[in-house]
Amino acid sequence: MKHFSTVFNYELKTQLTKKAGIVTMVIMMILALLGTSVPRIIALFETGRGDESVVAADSVDAKAAYVLPNEDIKALLAPVTGPNPRLMDSREDLVAALQAGSIEVGFVVTPDLGYEAIYQDRSMYDTRDTAFQSALTTLKKAQLITSHGLTMEDFNAIEGTEAQGQTTILGKNSGTTYFLTFILMMMVYMIVLMYGATVSSIIAREKDSRTMEILITSTRPSALILGKVAAAGVAAVIQFGLVVLAAVIGFQLNKSTYPPEIAMMVSGTLTTGYLLTFLFFSFFGFILYLFLYAALGSTVSKMEDLGSATGLVQFLFIFGYVMASIAAQTPTSTLAVVASIIPFSAIMVMPMRAGVITVPWGQLILAGALMLVFVAFFAYLSIKIYRWGSLNYGNKTRLTRIVKEALRRENR
Amino acid sequence: MKLDVLDIRKSFGDKEILHGISFSVVSGRAMGFLGRNGAGKSTTIRCLMDVFRQDSGQFLLDGQPFRPWEKRIGYLPEERGMYQKNDVLGQLVYFAMLRGADRASALKTAHYWIDYFGLSDFKKKKLETLSKGNQQKIQIAQSFLNEPEILILDEPFSGLDPVNAQVFKDTIADFVKEGRLVIFSSHQMSYVEEVCDDVTLIHEGNILLTGDLKQIKREEGQDKLQLSLAEGDLDALKDQLQAAFPQLHITRRNGSLILDTRGQDLQAQLMAWLAEKEVRLHSFGLYEPSLTDIFIRKVGEQA
Numbered sequence: 001m002k003h004f005s006t007v008f009n010y011e012l013k014t015q016l017t018k019k020a021g022i023v024t025m026v027i028m029m030i031l032a033l034l035g036t037s038v039p040r041i042i043a044l045f046e047t048g049r050g051d052e053s054v055v056a057a058d059s060v061d062a063k064a065a066y067v068l069p070n071e072d073i074k075a076l077l078a079p080v081t082g083p084n085p086r087l088m089d090s091r092e093d094l095v096a097a098l099q100a101g102s103i104e105v106g107f108v109v110t111p112d113l114g115y116e117a118i119y120q121d122r123s124m125y126d127t128r129d130t131a132f133q134s135a136l137t138t139l140k141k142a143q144l145i146t147s148h149g150l151t152m153e154d155f156n157a158i159e160g161t162e163a164q165g166q167t168t169i170l171g172k173n174s175g176t177t178y179f180l181t182f183i184l185m186m187m188v189y190m191i192v193l194m195y196g197a198t199v200s201s202i203i204a205r206e207k208d209s210r211t212m213e214i215l216i217t218s219t220r221p222s223a224l225i226l227g228k229v230a231a232a233g234v235a236a237v238i239q240f241g242l243v244v245l246a247a248v249i250g251f252q253l254n255k256s257t258y259p260p261e262i263a264m265m266v267s268g269t270l271t272t273g274y275l276l277t278f279l280f281f282s283f284f285g286f287i288l289y290l291f292l293y294a295a296l297g298s299t300v301s302k303m304e305d306l307g308s309a310t311g312l313v314q315f316l317f318i319f320g321y322v323m324a325s326i327a328a329q330t331p332t333s334t335l336a337v338v339a340s341i342i343p344f345s346a347i348m349v350m351p352m353r354a355g356v357i358t359v360p361w362g363q364l365i366l367a368g369a370l371m372l373v374f375v376a377f378f379a380y381l382s383i384k385i386y387r388w389g390s391l392n393y394g395n396k397t398r399l400t401r402i403v404k405e406a407l408r409r410e411n412r
Numbered sequence: 001m002k003l004d005v006l007d008i009r010k011s012f013g014d015k016e017i018l019h020g021i022s023f024s025v026v027s028g029r030a031m032g033f034l035g036r037n038g039a040g041k042s043t044t045i046r047c048l049m050d051v052f053r054q055d056s057g058q059f060l061l062d063g064q065p066f067r068p069w070e071k072r073i074g075y076l077p078e079e080r081g082m083y084q085k086n087d088v089l090g091q092l093v094y095f096a097m098l099r100g101a102d103r104a105s106a107l108k109t110a111h112y113w114i115d116y117f118g119l120s121d122f123k124k125k126k127l128e129t130l131s132k133g134n135q136q137k138i139q140i141a142q143s144f145l146n147e148p149e150i151l152i153l154d155e156p157f158s159g160l161d162p163v164n165a166q167v168f169k170d171t172i173a174d175f176v177k178e179g180r181l182v183i184f185s186s187h188q189m190s191y192v193e194e195v196c197d198d199v200t201l202i203h204e205g206n207i208l209l210t211g212d213l214k215q216i217k218r219e220e221g222q223d224k225l226q227l228s229l230a231e232g233d234l235d236a237l238k239d240q241l242q243a244a245f246p247q248l249h250i251t252r253r254n255g256s257l258i259l260d261t262r263g264q265d266l267q268a269q270l271m272a273w274l275a276e277k278e279v280r281l282h283s284f285g286l287y288e289p290s291l292t293d294i295f296i297r298k299v300g301e302q303a
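Chains A and B, in that order, are what the protein sequence lines are.
Going by our numbering, the residue at position 115 of the first sequence is 115; the numbering climbs one at a time, nothing skipped.
Going by our numbering, the residue at position 273 of the second sequence is 273; the numbering climbs one at a time, nothing skipped.
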């Protein structure tokens, strides 16, 4: 592997100094900082809003009007409508006021505490009708409790009665680990798609620009492919490492504003075992996909054909993503177990399963061994296809034929 | 050094492109590898550079199997291409290092050749910002990196303007003087004639002739005389000569007559006849065919 380091250094420098890459990383770092500062930002807004809610509780909704059947109901509804609600004589008057725009919502209440809420237009976040229903339900319950000779206190005591007990989780509580596991899976998803596309386009561009012939007559294809893939891998680690660093800094700066559940969630998810599983399968799965992208980049003659050529590997990867989503819900199902062992999907499914359950050692070892075998085989295959690709321009060839020809040829 | 190309055969699919190519190249002499488009020049060179693997035959360097990656080779492919989006100096250093130079030597050789071609102001520029002619020079510069022992250049003159072609010819001549092994393909006979000591003609995957250019010219011109007129009708003279010397084979070429004596010593008789007829001559002497003439005749024999 005489020139591996030469290829690696050149490709890494080229990737790290690309303006577009730098701008993307800076934006992602800012987003990571902002994302981890969300609890502080929310806390700032909630502090201001606290005073407003007190005022709102005592005030009457000026944009609501009511049609009430009698004074008793009016008195009964006073805690909901306020002591002096805006009253109307009939449903027609209410509709007219709505259409005129003088009110936003109207309520027609029946003697048995039924109601109709009428809007002209209802915004997505308007909950006045459900709040009104809730208030009427409470009043109706109170009427029923009283009619059975009980007090509200009796009722609350009965309703508050519950069996005493506790839950002991020996393995993992997916309720708390799912969220962070999902975020890490999304990060892997982004890294593979971004850097896979980078590797395939670097190789396709070399072929398109006819630089490939100079390269393969200067050094061995193995040094070229391994150097390029390693450079993309290290570039990903450096660039996404900076994003993670920004997130960690943001978390540390805003730690005090995080609810205790979040800290519990982080410590509950990021156990040593999970981190090792995540790093192993994500890293080697990433490398596996880089080899696939590199091989497919070698099969096209023109840059514009790259999208269709890499479609297959994208399909494989998205299949893995779907399997990981299924595994999050049913981590012990046969489908999830099989998907966590097949290397193409194991990259995301195994860390997802390891995040939400304790994966048996046998499955981990089998999946890990298979992953290493696949990485080695596809590294070999991508070198052969790269060599094949350097000689083949023009006609599109079926992938099965490419693989057959690439493996048949006696490459140096 | 002596590079022997021995009985190389290469097929693509069912079609054989090279039908047993053999020739030799020695260091200190430039070899011109000539042929029409599609004759098999680039395929031969790609087999030599191990871009393609030949079906049979072998390449030997001083009697040992030739492995291009074990030697310092300057290679200019027919299909030119380098990194358009990368800076000129950086990629030349990269190519030099891929061919075995350490960083310091790679920098030195890259600077030298960029300066040599007068492109010092463009070292840090992206290749795509250079004019086509200057890009061509950078392509050639990459093949000269690292003091190559062997230069293999596929159609090096294509796309070069006359000034740059002259610079390139001078550089090749220097390499040859320094005792390096130089082989380049071309279909531009005049350039080859100026630069090469040896030539190999390839036509439809077969070698038509190979050897010392001067020797070939001598052999091709043997028993032939060339005559041109200062004044008079060339066709009428041809008819008169044919009548007077029926053993002559006379052809007209580029405003002159080529007289093939077919091994007979007719020079004195011819001069006497021309003097007697008071033919106003522009020139009369031994015929030395151009490479183009030789090529056309050889290809014609194959048709």
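Keep in mind that the hints are not guaranteed to be accurate.
To be verified - Here are the simulated DSSO-like pairs of lysine-lysine, each with C-alpha atoms no more than 27 angstroms apart in a straight line:
1) A/K18 with B/K123
2) B/K177 with B/K2
3) A/K2 with B/K85
4) B/K85 with A/K302
5) A/K19 with B/K125
6) B/K125 with A/K18
7) A/K404 with A/K19
8) B/K85 with A/K18
9) A/K404 with B/K71
10) B/K217 with A/K13
11) A/K18 with B/K126
12) A/K13 with B/K224
13) A/K19 with B/K124
14) A/K19 with B/K85
15) B/K169 with A/K13
16) B/K132 with A/K19
17) A/K19 with B/K123
18) A/K19 with B/K126
19) A/K18 with B/K132
20) A/K302 with B/K132
21) B/K132 with B/K71
22) B/K277 with A/K13
23) B/K108 with A/K18
24) A/K13 with B/K124
25) A/K19 with A/K2
26) A/K13 with A/K302
27) B/K214 with A/K302
28) B/K108 with A/K2
29) B/K238 with A/K18
30) A/K302 with B/K125
31) B/K71 with B/K169
32) A/K13 with B/K108
33) B/K126 with A/K302
34) B/K238 with B/K217
35) B/K177 with A/K2
Stated by the list, open to error - Now the in silico label distances, taken between C-beta atoms and shown as ranges:
36) B/D115 with A/V237: 37 to 47 angstroms
37) B/D115 with A/L16: 23 to 33 angstroms
38) B/K85 with A/A369: 38 to 48 angstroms
39) A/L276 with B/D4: 31 to 41 angstroms
40) B/D121 with A/L253: 42 to 52 angstroms
None of these hints come from the bench; they were simulated from the model.
Every residue, glycine too, gets a C-beta built ideally from N, C-alpha and C.
Verification of the supplied hints:
Taken as a hint, the A/K18 and B/K123 pair is honoured in the structure, with Cα atoms around 18 angstroms apart against an allowance of 27 angstroms. Between B/K177 and B/K2, the direct Cα distance comes to roughly 16 angstroms. Compliance with the 27 angstroms bound is thereby established for this hinted pair. Of the supplied pair hints, the one linking A/K2 and B/K85 holds, its CA atoms being roughly 26 angstroms apart against a limit of 27 angstroms. Restraint check for B/K85 and A/K302: satisfied, since their Cα atoms lie roughly 16 angstroms apart, inside the 27 angstroms limit.
Among the hinted pairs, A/K19 with B/K125 is consistent with the structure: their alpha-carbon atoms are about 15 angstroms apart, no more than 27 angstroms. With a C-alpha separation of about 15 angstroms, the suggested pair B/K125 and A/K18 falls inside the 27 angstroms cut-off, and the hint holds. Pair hint A/K404 plus A/K19 does not hold up; C-alpha atoms about 39 angstroms apart against a cutoff of 27 angstroms. Distance check on the hinted pair: B/K85 and A/K18 sit about 10 angstroms apart at the alpha-carbon level, within 27 angstroms; holds.
The straight-line distance between the Cα atoms of A/K404 and B/K71 is roughly 31 angstroms, outside the 27 angstroms bound, and the hint therefore fails. Under the criterion of a C-alpha separation no larger than 27 angstroms, the hint pairing B/K217 with A/K13 is inconsistent with the structure, at around 54 angstroms. A threshold of 27 angstroms between alpha carbons decides the hint, and for A/K18 with B/K126 the separation of about 13 angstroms falls inside it, so the pair holds. The suggested pairing of A/K13 with B/K224 is violated, with an alpha-carbon distance near 65 angstroms, which exceeds 27 angstroms.
For the suggested pair A/K19 and B/K124, the alpha carbons sit about 16 angstroms apart, so the restraint of at most 27 angstroms is met. Restraint check for A/K19 and B/K85: satisfied, since their Cα atoms lie roughly 12 angstroms apart, inside the 27 angstroms limit. For the given pair, B/K169 sits about 36 angstroms from A/K13 by alpha-carbon distance, which is inconsistent with the 27 angstroms threshold. For a cut-off of 27 angstroms, the pair hint linking B/K132 to A/K19 stands: about 26 angstroms separates their Cα positions.
Pair hint A/K19 plus B/K123 holds up; C-alpha atoms about 20 angstroms apart against a cutoff of 27 angstroms. Taking the CA atoms of A/K19 and B/K126, the gap is near 14 angstroms; set against the 27 angstroms cutoff, the hint holds. Distance restraint check for A/K18 and B/K132: the Cα-Cα separation of roughly 24 angstroms lies within the 27 angstroms cut-off, and the hinted pair is therefore satisfied. Proposed proximity of A/K302 and B/K132 is supported: the alpha carbons are some 21 angstroms apart, at most 27 angstroms.
As the CA atoms of B/K132 and B/K71 are separated by approximately 30 angstroms, the hinted pair breaks the 27 angstroms bound. Between B/K277 and A/K13 the alpha-carbon distance is near 81 angstroms, which puts this suggested pair outside the 27 angstroms criterion. Proposed proximity of B/K108 and A/K18 is supported: the alpha carbons are some 26 angstroms apart, at most 27 angstroms. Proximity of A/K13 to B/K124 is assessed by CA-CA distance (about 15 angstroms); at most 27 angstroms being required, the pair is judged to hold.
Restraint check for A/K19 and A/K2: not satisfied, since their Cα atoms lie roughly 30 angstroms apart, outside the 27 angstroms limit. Distance check on the hinted pair: A/K13 and A/K302 sit about 25 angstroms apart at the alpha-carbon level, within 27 angstroms; holds. Simply put, B/K214 and A/K302 have alpha-carbon atoms about 45 angstroms apart, too far for the 27 angstroms limit, and the pair is violated. With a C-alpha separation of about 21 angstroms, the suggested pairing of B/K108 with A/K2 holds against the 27 angstroms cut-off.
Between B/K238 and A/K18, the direct Cα distance comes to roughly 73 angstroms. Violation of the 27 angstroms bound is thereby established for this hinted pair. A distance of roughly 25 angstroms separates the Cα atoms of A/K302 and B/K125; the hinted pair therefore holds under the 27 angstroms criterion. Annotation: proposed proximity of B/K71 to B/K169 holds, straight-line Cα distance about 23 angstroms (limit 27 angstroms). With a CA separation close to 20 angstroms, the supplied pair A/K13 and B/K108 stays within the 27 angstroms bound.
The suggested pairing of B/K126 with A/K302 holds, with an alpha-carbon distance near 21 angstroms, which does not exceed 27 angstroms. For the given pair, B/K238 sits about 24 angstroms from B/K217 by alpha-carbon distance, which is consistent with the 27 angstroms threshold. For the hint linking B/K177 to A/K2, the alpha-carbon distance of about 32 angstroms lies beyond 27 angstroms, and the restraint is violated. At about 39 angstroms, the CB distance of B/D115 to A/V237 agrees with the hint of 37 to 47 angstroms.
Between B/D115 and A/L16 the C-beta distance comes to about 29 angstroms, which sits within the given range of 23 to 33 angstroms. A C-beta distance of roughly 41 angstroms is found between B/K85 and A/A369, which places it inside the suggested range of 38 to 48 angstroms. For A/L276 paired with B/D4, a C-beta distance near 58 angstroms fails the hint of 31 to 41 angstroms. For the pair B/D121 and A/L253, the supplied restraint of 42 to 52 angstroms holds, since their beta-carbon distance comes to about 48 angstroms.
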